[in-house]
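Trainee: The lines below spell out each chain.
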Amino acid sequence: MPKMSFENHIMTQFDEELEEIRTQLMEMGGKVEQQLKNAIQAVIKADSRLAEEVIKEERLVDEMEVDIDEACILIIARRQPAASDLRFVMMVTKAINDLERIGDEARKIANHAVILSEQDGLSQGYKEVRHLGDSVSGMLANALDAFARFDVEAAMRTLEEDAQVDLDYKSALRELVTYMMEDPRSISRAINILWVVRSLERIGDHAKNLCEQIVYVVKGKDIRHQ
Amino acid sequence: MKQAKAAAKSATDTKSNPKQNLEVDTTQATVGNRFCENPKMSMRDVNVFYGDKQAIYDVSVDIAKNEVIAMIGPSGCGKSTFLRSLNRMNDTVDGCKVEGEVLLDGHNIYQQNLDVVELRARVGMVFQKPNPFPKSIFENIAYGPKIHGLADSRVDLDEIVEGSLKKAGLWEEVKERLHQPGTGLSGGQQQRLCIARAIAVSPEVILMDEPCSALDPIATARIEELIEELSQNFTIAIVTHSMQQAARVSHRTAYFHLGKLIEVNPTEQVFTMPEHQLTEAYITGRFG
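So the sequence lines, in the order shown, correspond to chains A and B.
Here the working numbering = 1-based position in the first sequence + 842.
Here the working numbering = 1-based position in the second sequence + 855.
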């Protein structure tokens, strides 16, 4: 199994270009991870200022996506990458799409955080947000970590966590429905929370995609839809 | 001799780079899918020597009927030497010795009483530089069929010439000037003329030794399209320095390194997920 490395191209500039998109992807991942954490905090702490910040910063994530995408297209046009280089560049173009979508979901969560902070009510539902938020943030962190080290085993472990996230999501939905039935005045709040957990579940799916892409880039094996 | 020297040089070059560990384990067998059922050509334990220098080591591989197989590898890896051993072109090189079996439809082409001229009609060759005869376009094509007695009449010959030029995608461009010199054509047209000349004698296999390296991108694209069409009727082995060309035209790709056949696999696999580290290093531009 050939090892993943960006080094030793005869054109050393090519090494640098690959390393550059890897660095940019890691930066984008770090930014998205922070956005997600802040969005979850904004919901739990009813912190509308933090939520506004997440909403504002989403633009940066979008810009990063465009920049990295452009860099990938240039590499394909100029270098005609093959084998592991090709898999890596293709993986990056897909990964930034998933990261951008995670950024979108984080913004949606922040939007709901703003609405929730203006609504009166109990803190019911926050437990579910915190629990699911922790799992999903953990998945994303692990996926990015696995990517940084091209660690297939870590990626496989992380993508398996998505099944638990899906179960937790369903149980969170049931909890929220119970609150709504118990106290119809909570419906409006509960629906906002419901959107938040829905976003978290989606983020779990995107983190899973990232892990599948890591497996593809290292092993050349497409494990999607299995 | 030159090739063997180049191979030896490339070995030291590779070793002198401490970052890479790309020495070839000569005991290691070729990885990938070397063999097929009902091969058009079968090579078994082929060793080629230039004097006492060995240029090819124990190459065993099949070429399927109507397959396009590309041979790639760094300079001096032996790919051209190997290609030339498939129609005994190496016979013309002093001190060149070929061991092992090269079977065409199951018959060894190195057996003693074999008619080499007939062999080269069955296994034709197109070279790097277009080399039309200093004759008319018509005569360039007609020469082979005439000496091989393939045409009984002038009408037959006309048909062969027209058919060959059509198959080579050149007919429309030259039909009005068949009796002008072949050397007056452009480089790309000359190369297609050479391909037409090769196919005029109805070969079964066409060997191409870097057929596009002297051509511009448009002429190259024409030849590549032609290769695709020709593969419906012929079996084609092509040596190329352009990895993208191998990726575009071939069904299987064979990677040579220092005289060893390192890997043979379907082209789509070689360029996305090569099996051998050396193949990976070469096609990603890490040495060569």
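What the hints contain is simulated information worked out from the structure, not anything from laboratory work.
Don't take each hint at face value.
[As the list claims (entries may be wrong)] Taking lysine to aspartate or glutamate pairs in the EDC-like style, the calculated list, with each CA pair at most 20 Å apart, reads:
no., chain 1, residue 1, chain 2, residue 2
1, A, Lys1061, B, Glu1065
2, A, Lys1063, B, Glu1065
3, B, Lys984, B, Glu1065
4, A, Lys879, A, Asp946
5, A, Lys1063, B, Glu1130
Trainee: Given the hint that A/Lys1063 pairs with B/Glu1065, test it: the Cα-Cα distance must not exceed 20 Å.
Mentor: Not OK: A/Lys1063 and B/Glu1065 at ~33 Å, beyond 20 Å, violated.
Trainee: Hinted pair, alpha-carbon criterion (20 Å max): A/Lys1063, B/Glu1130. Please report holds or violated.
Mentor: Measuring from Cα to Cα gives roughly 13 Å; hence the hint holds.
Trainee: Take the C-alpha atoms of B/Lys984 and B/Glu1065, compute the straight-line distance between them, and say whether it is at most 20 Å.
Mentor: holds, 8 Å
Trainee: Between A/Lys879 and A/Asp946, does the CA-CA distance stay at or below 20 Å?
Mentor: holds, 13 Å
Trainee: Are A/Lys1061 and B/Glu1065 close enough, with their CA atoms no more than 20 Å apart?
Mentor: violated, 32 Å
The structure does not agree with the numbered hints 1, 2 stated previously, though it agrees with the rest.
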